[in-house]
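Based on the sequences and whatever the hints tell you, model everything.
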Amino acid sequence: MPVDTAVRPVRILVAKVGLDGHDRGVKVVARALRDAGYEVIYTGLRQTPEMVVDAALQEDAQVIGLSIHSGAHMTLFPAVVQELKRRKATDIVVFGGGIIPEDDIVALKKKGVAELFTPGTPLQEIVDWLRKRFPQGGG
Amino acid sequence: MDGESELAARFRAGDIRALARAISLVERRDPSVRALETPPKGGEGSAAVVGFTGAPGTGKSTLVDALVTLLRKQGKSVSVIATDPNSPFTGGAILGDRIRMQRHALDPKVFIRSMGARGHLGGLSLATREAIRLLGAFGFDQVILETVGVGQSELEVAAVADTTVVVMTPNLGDGVQMIKAGILEIADIFVVNKADLDGYQRVAMELRAMLSLNAPGATGAAASKPWKPPIITTVAARQEGIDELWAAIESHRRYLETSGRAQELAAKRLKDETAEVVADLARQQARLALGEDGALTEQLLKDGSPYRAAEEILNRIGSDGRKRGRG
Chain A
3 MPVDTAVRPV RILVAKVGLD GHDRGVKVVA RALRDAGYEV IYTGLRQTPE
53 MVVDAALQED AQVIGLSIHS GAHMTLFPAV VQELKRRKAT DIVVFGGGII
103 PEDDIVALKK KGVAELFTPG TPLQEIVDWL RKRFPQGGG
Chain B
2 MDGESELAAR FRAGDIRALA RAISLVERRD PSVRALETPP KGGEGSAAVV
52 GFTGAPGTGK STLVDALVTL LRKQGKSVSV IATDPNSPFT GGAILGDRIR
102 MQRHALDPKV FIRSMGARGH LGGLSLATRE AIRLLGAFGF DQVILETVGV
152 GQSELEVAAV ADTTVVVMTP NLGDGVQMIK AGILEIADIF VVNKADLDGY
202 QRVAMELRAM LSLNAPGATG AAASKPWKPP IITTVAARQE GIDELWAAIE
252 SHRRYLETSG RAQELAAKRL KDETAEVVAD LARQQARLAL GEDGALTEQL
302 LKDGSPYRAA EEILNRIGSD GRKRGRG
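Which chain is which? The protein sequence lines are A and B, in order.
When we follow my numbering, the leftmost residue of the first sequence carries the number 3, and every step to the right adds one.
When we follow my numbering, the leftmost residue of the second sequence carries the number 2, and every step to the right adds one.
These aren't lab readings, by the way, just hints derived from the structure by calculation.
Glycine included, every Cβ here is placed at the ideal spot set by N, Cα and C.
Treat the hints loosely; a few may be bogus.
Footprint (simulated), chain A over chain B, 3 or more residues, beta carbon under 8 Å [as the list claims (entries may be wrong)]:
1. 50-64
2. 104-113
3. 129-140
4. 251-262
Label pairs and their in silico Cβ distance ranges [stated by the list, open to error]:
5. A:Asp106 with B:Ser6: 39 to 47 Å
6. B:Thr275 with A:Lys87: 41 to 49 Å
7. A:Asp106 with B:Asp273: 34 to 42 Å
8. B:Ala263 with A:Asp106: 17 to 25 Å
9. B:Lys272 with A:Met76: 31 to 39 Å
Here's what the structure looks like:
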């Protein structure tokens, strides 16, 4: 008997890593992703890379979205990517947002962060990027 | 080895990621992991299930967090299924119950899973029962369910959990709310949370008055020994009253076992779920038939009413089932 597998939302874990408490941006992005049909798991502030990856594994998220406004992006983003490697979960896509200089973006992409969005990015651009990346699911 | 059995092997070996993936598959109504829902021979396999329900903002997640803390002190492994609603327009959701449970991050004996209700209306996801069985087979001692923030008629949790805890807070409504039907009737235990706010004594008092009027809800063997739902006051954010809450949950569990109510519930649960599975399969078949079969649709439009087409679809399911039974 055929099975109805039409409902297959992409699950995105969204987190703030490190010590900054600026969560307005991440909440706006979470809302936009919700409106685009994604299931967004929001885990809140002050997460360590280990916590983020552990939660993503429990939640079976295909994507991790990180927001960093503390300036520690060169440490924290690669730490999440490293932790995914350690947990053998490199199929999970990492993207991020924050105040990140152009040179750092290039370096972070080399280190395995799939995409980075800076302040002022239209929300639709983030959604379009995800749709391209996951054409089979989501909104 | 194909994908399925590799997943099964990892699940049996205790890989959290395999458990998480299996839950995603049951969320998609994919039958391929059903074999995992029964524990391997000789193993333990069913976890105790307590469900928390109540209006939005009553502190369900914080209570669950506090209870997990207590159970971890007792050395029990705990899994939580926290449900939030999906948008009926886009299907998207923000699942935010984990925020209140962050202190259990990185504890390997705590597994927290956020679920979107995905349009299912009972306050839980359609996949909750299957997920509970997966968690039991995986070896968790305790499963805690948290429903979406509910109104008055999302009562499914009572059909799924062994013990249902209804969470209230001060200032939610006047005494008339207390005599309405629905959510207040499904409680095995009442919690008046946020008992540091004014008015909590009044809520507890009104609950007590209402309960004193209650006719025994149990039927069959248990009717002679009805359960009286206790009222526990808590300040979950400060871990106050949680020991009393757990004592009440344990006492309810003993009641279920000694009164014979546990077996009644188990039988009823299996029947309910079977009916649901049948309805679900029939719905899928109906959708397929109506989508693919031009002649059937034409007939349906000519009739202007659904009954003849419905009968035709049911007949087809019947003959399909019999064919498969023989094969």
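Hints violated by the structure (numbers, ascending): 1, 3, 4, 7, 8, 9
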